[in-house]
Amino acid sequence: MASKLHGSVVSSQKNAFVSSSEKLTDKRRVAKMQTSGRAQAQAAEVTTPQESSRTSKLPELMTSSLVFSKRPFFLERSLQVQRTQPNSAGKFGKFGGKFVAETLIACLDQLEAVFAEVLHDEDFQEELEEALRDYIGRETPLYHARRLTEFYKSKNGGEGAEIFLKREDLCHGGSHKMNNAIAQAMIAKRIGRKLVLTATASGHHGIATASACAKLGLDCKIFMAAKDMEQQLSNVQLMTLLGAQVEGVDGQFKDAASEALRSWVGKMEESYHMTGTAVGPHPCPTLVRHFQSVIGRETRRQALEKWGGKPDALVACVGTGSNALGLFHEFIGDSDVRLVGVEAGGFGLESGRHASTLSKGEVGVYHGAMTYLLQDGDGQTIEPYSVAVGMQYPAVGPELSFLKEIGRAEFYSVTDQEALDAYERVCRLEGIYASLEASHAFGILGKLFPTLPKGGKVVVNCSARGDEDVDIVYKHKLFHGALKRTMAQTTPQ
Amino acid sequence: MAIALTSSFLQLKKCEVDFHTFYPSKKPIVSLRRYTTMAAISTTKSVGISETFNRLKREGKVAFIPYITAGDPDLSTTTEALKVLDSCGSDIIELGVPYSDPLADGPVIQAAATRSLGRGTNLDAIISMLKEVVPQLSCPIALFTYYNPILKRGTGRFMSTISNVGVHGLVVPDVPLEETTALRMEAKKHGIELVLLTTPTTPTDRMKAIVEAAEGFIYLVSSVGVTGTRASVSDKVQALLREIKEIAGWGADGVIVGSAMVKLLGEAKSPQDGLRELENFTKSLKSALP
Chain A
1 MASKLHGSVV SSQKNAFVSS SEKLTDKRRV AKMQTSGRAQ AQAAEVTTPQ
51 ESSRTSKLPE LMTSSLVFSK RPFFLERSLQ VQRTQPNSAG KFGKFGGKFV
101 AETLIACLDQ LEAVFAEVLH DEDFQEELEE ALRDYIGRET PLYHARRLTE
151 FYKSKNGGEG AEIFLKREDL CHGGSHKMNN AIAQAMIAKR IGRKLVLTAT
201 ASGHHGIATA SACAKLGLDC KIFMAAKDME QQLSNVQLMT LLGAQVEGVD
251 GQFKDAASEA LRSWVGKMEE SYHMTGTAVG PHPCPTLVRH FQSVIGRETR
301 RQALEKWGGK PDALVACVGT GSNALGLFHE FIGDSDVRLV GVEAGGFGLE
351 SGRHASTLSK GEVGVYHGAM TYLLQDGDGQ TIEPYSVAVG MQYPAVGPEL
401 SFLKEIGRAE FYSVTDQEAL DAYERVCRLE GIYASLEASH AFGILGKLFP
451 TLPKGGKVVV NCSARGDEDV DIVYKHKLFH GALKRTMAQT TPQ
Chain B
494 MAIALTSSFL QLKKCEVDFH TFYPSKKPIV SLRRYTTMAA ISTTKSVGIS
544 ETFNRLKREG KVAFIPYITA GDPDLSTTTE ALKVLDSCGS DIIELGVPYS
594 DPLADGPVIQ AAATRSLGRG TNLDAIISML KEVVPQLSCP IALFTYYNPI
644 LKRGTGRFMS TISNVGVHGL VVPDVPLEET TALRMEAKKH GIELVLLTTP
694 TTPTDRMKAI VEAAEGFIYL VSSVGVTGTR ASVSDKVQAL LREIKEIAGW
744 GADGVIVGSA MVKLLGEAKS PQDGLRELEN FTKSLKSALP
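Residue numbers (the working numbering), protein chains in the order written: chain A, 1 to 493; chain B, 494 to 783.
Rather than coming from a laboratory, the hints here were simulated on the basis of the structure. Computed from a predicted structure; not experimentally measured. Ideal placement from N, C-alpha and C gives every residue a C-beta, glycine not left out. Honestly, I wouldn't trust all of these hints.
[To be verified] Non-contacting residues of chain A with respect to chain B, defined by C-beta distances greater than 12 Å in every case (computed):
| hint | residue |
| --- | --- |
| 1 | Gly90 |
| 2 | Lys98 |
| 3 | Thr103 |
| 4 | Gly158 |
| 5 | Gly192 |
| 6 | Lys254 |
| 7 | Ser258 |
| 8 | Val265 |
| 9 | Tyr366 |
| 10 | Leu373 |
| 11 | Phe449 |
[Said to hold, decoys possible] Calculated from the model, a selection of chain B residues having no Cβ within reach of chain A, i.e. all distances over 10 Å:
| hint | residue |
| --- | --- |
| 12 | Glu573 |
| 13 | Gly599 |
| 14 | Asn615 |
| 15 | Tyr640 |
| 16 | Pro642 |
| 17 | Arg646 |
| 18 | Thr694 |
| 19 | Arg699 |
| 20 | Val704 |
| 21 | Glu772 |
| 22 | Pro783 |
[As the list claims (entries may be wrong)] With a cut-off of at most 30 Å between alpha-carbon atoms, the simulated DSS-like pairs for lysine-lysine come out as follows:
| hint | chain 1 | residue 1 | chain 2 | residue 2 |
| --- | --- | --- | --- | --- |
| 23 | A | Lys94 | B | Lys550 |
| 24 | B | Lys701 | B | Lys681 |
| 25 | A | Lys94 | B | Lys624 |
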């Protein structure tokens, strides 16, 4: 049984990390989720009257990687978008839903009901807070990257915004994934499941899940693409040492994710399928986003402490959307805060070898949700590509699709090379090694910086650490170095 | 409403459901009202799915419904396989459209889809094939496809395309009841019977709603899991025959056999061998049914 903290809860006993304003925000949010989390709940909507007209006028520059306005024009209107909550069918506008085999519907309904319960279960919330604080090591710092700021200012006539990093790389496990893994493992234990099933791309989510299961005494089975297992061998070894069973799947991450879903269908009574990211059938995206939204909540408080205001822009990499939504969600209702998502451009958008779903995809149904998806003329899925394995997903979270559709968030692409350069830049200028995924977020700063207000503040989500990616970076350096040398030798003088 | 169960090796033993208790109403399972409506819409030469079930019911028989994946090992073998299945007494044939991410399918059908897609099979090619072969078949065809390919083509266009080549039914495993409204509307417009799925774990109210909305037949997934995953055909034929008799004994109006057929065709030494084995297998299964 899940361990429970006994005794009455008095807010002054709470540790210093949890300020009273955060508690208040939590209670408001809990109340909001309570009404919308139940399957038969009234719709708690995002829609504004201007929405439909705005969608049709969505300008090209929202998805172009080349054109940046100083401030996207739509923000000049008063945006009444509140925090996004799915309606009772699990839809954000037309995105989301539960497009799964009938077999899973009962399971998803149960998950939704349990989620609604734990949201206002004080014991659960306390246990979660303790885990966030003592196990994961929250709150994570909001770090002022002075040298990185100077670097971009020097290219911008000596002026510009200040760059801050939200240090999710300092979480236990080395990434933001643990925020969600520990909470869902607690839910699994609460409903009496002994086995947790999940899929992982880079291994970060796998490690987080294996750790959380070890902490809670649950069995764990992790599906991973065979090629990813080879590339991330040390992660696989660690997962095994943590007590998990890792099963290789032919193909890439999307196939491992499919296999995890199938496995759940076969073992619904004893197992719990843990979604690692904000995709899948309702309530999975909402579940993950909720537990990741601690990132945004902390950022708001820290921004207030540090400079007495809000960030002007938030930047996060988008593979599937969990770290982006985790940072963005808190600020969706703040129309003066830009939400900037960065997808993997691979070899470039025109090359056809990328994972830029929101730029090049079309709306379809994938892994149980209506969302943007990279698909061909027959509706078959196109295999995505990126040097960063965690970005290799042909679809994207439905909530992000919705934010794109209503124009609340902007999405751009960064190529492999730009991400690799960013990796090195952050290493050299700040002594911080961000994962290749997070490096995509850093990679957009060159283009984004001139559009930010002078003296403004931009927060980049450093979603995971990148020491495991070092050999990939080196391989690319060697390859490109060799390529440069060859080209220098063969280019006519 | 006619009910057909899927049969999967060994998984059947897990299903302890007494079939009849799922239907609290005492009405007969086949809806005569729906039969009349479908007869009015039906414009194609061959008989529709509901009509087929009605006839079998009158004759006291259980429908035998094999499933194969189109394009595995290749479309010309599929053409022959359809004719073989038809001549060996299949009452309805379920034809799978291969998809890149078949979430509801186990390894056998996944592998078939991958092989088929690898050969370049796509919906247009399948439609061309059906145009040639459907006029030569006596039993109706139901297409099995995931939702995204339908969405991509446009639901209305998809329905009219398949209807024009004589397809009678459609099964879409990843659309839950709530999302079927658009599908049902377009299906009705084009005379396609949209088969809905239900499972032993579906709550009664929901199952009632599904029964109301479905046409053709109700696809009851007889075990909780993806499509059949284990056992080699040669070893387990007897087990499968026993399973089929059991399903028929529960009161099912039809039995769907999938993975076993797909495995036969896909893993045979040559297409001709596969077709021969398919013929023998189909005959023995058909004879096991009342």
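### Message
Hint by hint, where does the structure go against what was stated? Just the numbers, ascending.
### Response
Checked against the structure, the hints that fail are numbers 1, 2, 3, 6, 7, 8, 9, 10, 13, 14, 15, 16, 17, 18, 19, 23 and 25, while the rest are satisfied.
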